[in-house]
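Q: Now for the letters of each chain:
There are 2 protein chains.
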Amino acid sequence: MYVVCVHVRVKPEHREDFLKASLENAACTVQEPGNLRFDVLQQADDPDRFLLYEVYQDEAGMNAHKQTAHYAKWRDAVADWMAGPRQGVKYIALFPPSDEDWAMRRP
Amino acid sequence: MYVVCVHVRVKPEHREDFLKASLENAACTVQEPGNLRFDVLQQADDPDRFLLYEVYQDEAGMNAHKQTAHYAKWRDAVADWMAGPRQGVKYIALFPPSDEDWAMRRP
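Order-wise, the sequence lines are chains A and B.
In terms of my numbering, the first sequence has 188 at position 46, counting the first letter as 1, and numbering is strictly consecutive.
In terms of my numbering, the second sequence has 230 at position 88, counting the first letter as 1, and numbering is strictly consecutive.
These are computed hints drawn from the structure, not numbers from a lab.
A portion of the hints provided could be inaccurate.
You can't tell identical chains apart in this list, so a pair holds if it fits in one copy or across any two.
Each computed DSSO-like pair below joins lysine-lysine, with the alpha-carbon atoms no more than 27 Å apart [unchecked claim]:
(1) K232 with K162
(2) K153 with K232
(3) K208 with K153
(4) K153 with K215
(5) K208 with K162
No experiment lies behind these values; they were computed from the predicted model shown.
Modelling step: build the complete structure from the supplied sequences, incorporating the hints.
A: This is the structure:
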């Protein structure tokens, strides 16, 4: 399981634009066969900071996401709304241990 | 839904100790009634950096976790294994929109 955390700080005047575009991107991404999660989070003590928590079955699933129309639309739309470059950090998932646990918490 | 991201950098010689203790803590935490997820992640480009991605039903669930024996055991065990203070960042979840989506991805 591959996880990407994308950290974004937005310009306050474009906060709602960013949120709308990101929710649309999230709704499309969770339909991708290689995607397991796309959580959109707003930092509790700073409403201009967001975290996108993206989980893919494998590296191929992560790369496939970058080829989608909804990703390209999001990337281009938000470019001028961010207060600085977004930062993506990749992780290897160690827990939960099984693929089933990632798709569904309590079977 | 409340999310806490706990960022940890460990001393290389205690990496395995930290991982073992954190996996034990994770396995206990996901049994808590107020917890929905406890993902343990290792940074892909730095094996000494970890992210604990914790999701709770609400703030009370998050606070209840801090009162558990398994949390206290983990906190005390890892204290000397970290290369610096751990950093916890709190988030409000905006997507997925429904509680059911958090517990289970594709009903």
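Q: Hints first: check each against the structure and report whether it holds.
A: These are the hints, each one checked on the structure:
Taking the closest pair of Cα atoms, K232 and K162 come within 27 Å of each other both inside a single copy (24 Å) and across two copies (21 Å). Proximity of K153 to K232 under the C-alpha cut-off of 27 Å is found in both arrangements, the shortest distances being 25 Å within a copy and 20 Å between copies. Proximity of K208 to K153 under the C-alpha cut-off of 27 Å is restricted to the intra-copy arrangement: shortest distance 24 Å within a copy versus 34 Å between copies. When the C-alpha separation of K153 and K215 is checked against a cutoff of 27 Å, the pair qualifies only within one copy, where the shortest distance is 19 Å, while the shortest distance between copies is 41 Å.
For the identical chains of this complex, K208 and K162 are intra-copy neighbours only, at 19 Å inside a copy versus 34 Å across copies, given an alpha-carbon limit of 27 Å.
Checked against the numbered hints above, the structure breaks none of them.
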